[in-house]
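Participant: Now for the letters of each chain:
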Amino acid sequence: MLHLYICEDNALHRQQLVSTIEKIILMENFDLTLKCATADPDELCSVASSANDTGLYFLDIDLHAEINGLELAQKIRQFDMRGFIVFVTTHSEMCSMTFSYKVEAMDFIVKDDIENLHQRILQCIQKAYERYSSPNNQTQPVFRISTRDREQCIPYDHILFFETTANAHKVLLHTYDGFMEIPGQLKQLELQLSSDPRFCRCHRCFLINCDHILHIDMKTHMVTLDNQETCLASSKGIKLLLHRPDSP
Amino acid sequence: MTLFTNFLTSAWIPLALGIFLYHPKRPREFYVGLDLIFAALFLTATIAGNELTLLINVAFMALLFYFVMGCRLIELIYIPISYILIVLCDYGIESLCLTIFPISTETMLYEYPYSFYSVLLITVLVTILAFGGRFVIRTFKKRIRNPFHPSVLLLIGGNLILCAILFLVNSWAGRQNGFPESVLKTNLILFCIYAFSTILLSLFVFHTFAEKERIERKKEEYRQLQEYTNQVEQMYGQLRAFKHDYTNILLSISGYLSEQKYRELSEYFYQSILPDNQKLNQSQYRLHQLSHIQNPALKGLISSKLIYAHELGIHVYIDILDDIEQFYMDMVDLSRVIGIFLDNAIEAASESPEKELRFNAVCQPHSIAFVISNSFADHQIPLKKLECMGVSTKGAHRGMGLHNVNTILSQYDNVFKNTTIADGFFIQNLHIQKK
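Chains A and B supply the protein sequences, listed in that same order.
Read the first sequence against our numbering and you will find it ends at 248, with the numbers running on by one and no gaps.
Read the second sequence against our numbering and you will find it ends at 435, with the numbers running on by one and no gaps.
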């Protein structure tokens, strides 16, 4: 069940948000409830954390309280990892990039743009609703990259392959959208992923997700993946790839 | 017997080259190339081993390097390096042999057991020194942070080639004279002195060049900071103008209110004030946010590039909320990396229809992040390919930037780069772990 929360210190704006949202829920017949609309961030936190379910949060940035919108969002993230956070702000405060980075905010709504407020809130609710009810939301094996400041979860299915880099302590993780450097070594990753049959260490420098193999060239020992990238395979690696139960 | 010695002798060059150039991602063609080099050397050694065939072999090797083995042009330098190494070992062992055993040069070269064991020893020594040389070059590369400037490399390379040619001439002349022992020894000493002094000279030249570059960089830093101050002063001027207008607006509003002309007030608000407010907020430029970056060099560089982008008509969005005092990596490296990211972003954004560039810097308790995103025109180049040398959306003979970034960042265990495409933006994310 997706719950909606509002935290806005200005009573007039808060009332505006509440009425817009209630209208939208009614009109679009969404399966959502507005659980809490308050000016007090602590109240929102206690209500939301006791609800024990995912929430869609509309937060003002400047709450004129002990903590600001960003800090409130960080608190929310501690108990609601998959919650959807939307910041409601005035144009002059726009700091969408920092907020997206720190708390993975889903969207930003500008208060000043009065005409489009209804439309923007509707879009946010729709987006959150879609993501919440999508099949991907069900648990599937995820690869966690945890640093002390943030944790990234990448479903195994999105991983194309791992590759060594010029630095012995960093490994390159390739997905459809791009590639990222992660700390670690191919050896320990191989161990970590050994339980999943998809991942095959086909070369000293490559650990690939066999589900995404497009084509194996036997002459040059090159493996082409779905995104047209190529990996090398050793002679042993080629044998491993060909002897898999569902090889191409 | 001669077949055996020829076999080992021909193996020296591919052996040395293989050791110098090996890394696990070499394609199969690399090893095929080394085999071909060995075959060519063996062939020429058995048929006719003289300076002319050696020159032909070297040319053959160079062609193989570039077209078959997938080596970069710069790696051709390992050919003269290997040759010098082998000559060193060759002369060294031979002269050692001649001092220990009371034999003539001919006996040593052609008679068993001397020829057999000396060639074996040379092979072993070549292997050891090649590994040693590889290690030295690696450490040298790590300590000299700046990638070598092409003209400096040309100088060093040309020098080494000259060195190699001299030894060709020397060995030819030596052969004509029948290798008297004293000549051999003198040659060895002369060779060592010459090689050593040329290396020192090259290093000195490079050092002077690096100094010059440092001075140029400082000058550029100063210019960028001046530019930054100008921009910020300009913006402050705009703000003062606005404050002035604001007072006038308030006066007008109070005028309408005191006369209770609410309809006129409503008109005034919606037609004059609100549109102006929107115009004011149009620019998300906010260059002043760069003041959070507390390193003048980096701040100057970023501001200079972003000002340039703004002048090109690109919509620049800056978002920096936290103070960043320490960067946990070398500032020159960081500036270079960010500079390359920004150059790429600016070029791509200016080509695109949306022309958007976003710069974001975040400081968190245990890490610092720089996120540079830009709109782009899709050239259908696979993402990883963009990082290869010589690959660029701007045409041929370009594309060193991202390769340089990778070289610089490979030295750091605590710096991570993410490259992604999301929502029509190309995003470079540099993540620095605080140590």
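No wet-lab data here; the hints were simulated from the structure.
Among the hints, a few may not be true.
Reference listing, derived: stretches of chain A covered by chain B, where coverage requires no fewer than 3 residues with Cβ under 8 Å from a Cβ of chain B [as the list claims (entries may be wrong)]:
{"no.": "1", "stretch": "2-13"}
{"no.": "2", "stretch": "39-50"}
Which residues of chain B face chain A? A few of them, derived with a C-beta cut under 10 Å, are [claimed, not checked]:
{"no.": "3", "residue": "Tyr-22"}
{"no.": "4", "residue": "Lys-25"}
{"no.": "5", "residue": "His-315"}
{"no.": "6", "residue": "Ile-318"}
{"no.": "7", "residue": "Val-362"}
{"no.": "8", "residue": "Gln-364"}
{"no.": "9", "residue": "Thr-407"}
{"no.": "10", "residue": "Phe-416"}
{"no.": "11", "residue": "Ile-421"}
{"no.": "12", "residue": "Ala-422"}
Here are the simulated BS3-like pairs of lysine-lysine, each with C-alpha atoms no more than 25 Å apart in a straight line [what the hints assert, rightly or not]:
{"no.": "13", "chain 1": "A", "residue 1": "Lys-187", "chain 2": "B", "residue 2": "Lys-212"}
{"no.": "14", "chain 1": "A", "residue 1": "Lys-127", "chain 2": "A", "residue 2": "Lys-236"}
{"no.": "15", "chain 1": "B", "residue 1": "Lys-219", "chain 2": "A", "residue 2": "Lys-236"}
{"no.": "16", "chain 1": "A", "residue 1": "Lys-219", "chain 2": "B", "residue 2": "Lys-299"}
{"no.": "17", "chain 1": "B", "residue 1": "Lys-434", "chain 2": "A", "residue 2": "Lys-75"}
{"no.": "18", "chain 1": "B", "residue 1": "Lys-243", "chain 2": "A", "residue 2": "Lys-111"}
{"no.": "19", "chain 1": "A", "residue 1": "Lys-239", "chain 2": "B", "residue 2": "Lys-25"}
{"no.": "20", "chain 1": "A", "residue 1": "Lys-219", "chain 2": "B", "residue 2": "Lys-25"}
{"no.": "21", "chain 1": "B", "residue 1": "Lys-25", "chain 2": "A", "residue 2": "Lys-187"}
{"no.": "22", "chain 1": "B", "residue 1": "Lys-25", "chain 2": "B", "residue 2": "Lys-385"}
{"no.": "23", "chain 1": "B", "residue 1": "Lys-218", "chain 2": "B", "residue 2": "Lys-299"}
{"no.": "24", "chain 1": "A", "residue 1": "Lys-187", "chain 2": "A", "residue 2": "Lys-111"}
{"no.": "25", "chain 1": "A", "residue 1": "Lys-127", "chain 2": "A", "residue 2": "Lys-239"}
{"no.": "26", "chain 1": "A", "residue 1": "Lys-239", "chain 2": "A", "residue 2": "Lys-187"}
{"no.": "27", "chain 1": "A", "residue 1": "Lys-219", "chain 2": "B", "residue 2": "Lys-434"}
Just so we're clear, the structure is a prediction, and the values are computed from it rather than from any experiment.
No residue lacks a Cβ here, since even glycine has one placed at the ideal position from N, Cα and C.
Participant: Can you give the numbers of the hints that this structure goes against, from lowest to highest?
Facilitator: When the structure is compared with the hints, numbers 1, 2, 3, 5, 13, 14, 15, 16, 24, 25, 27 turn out to be violated.
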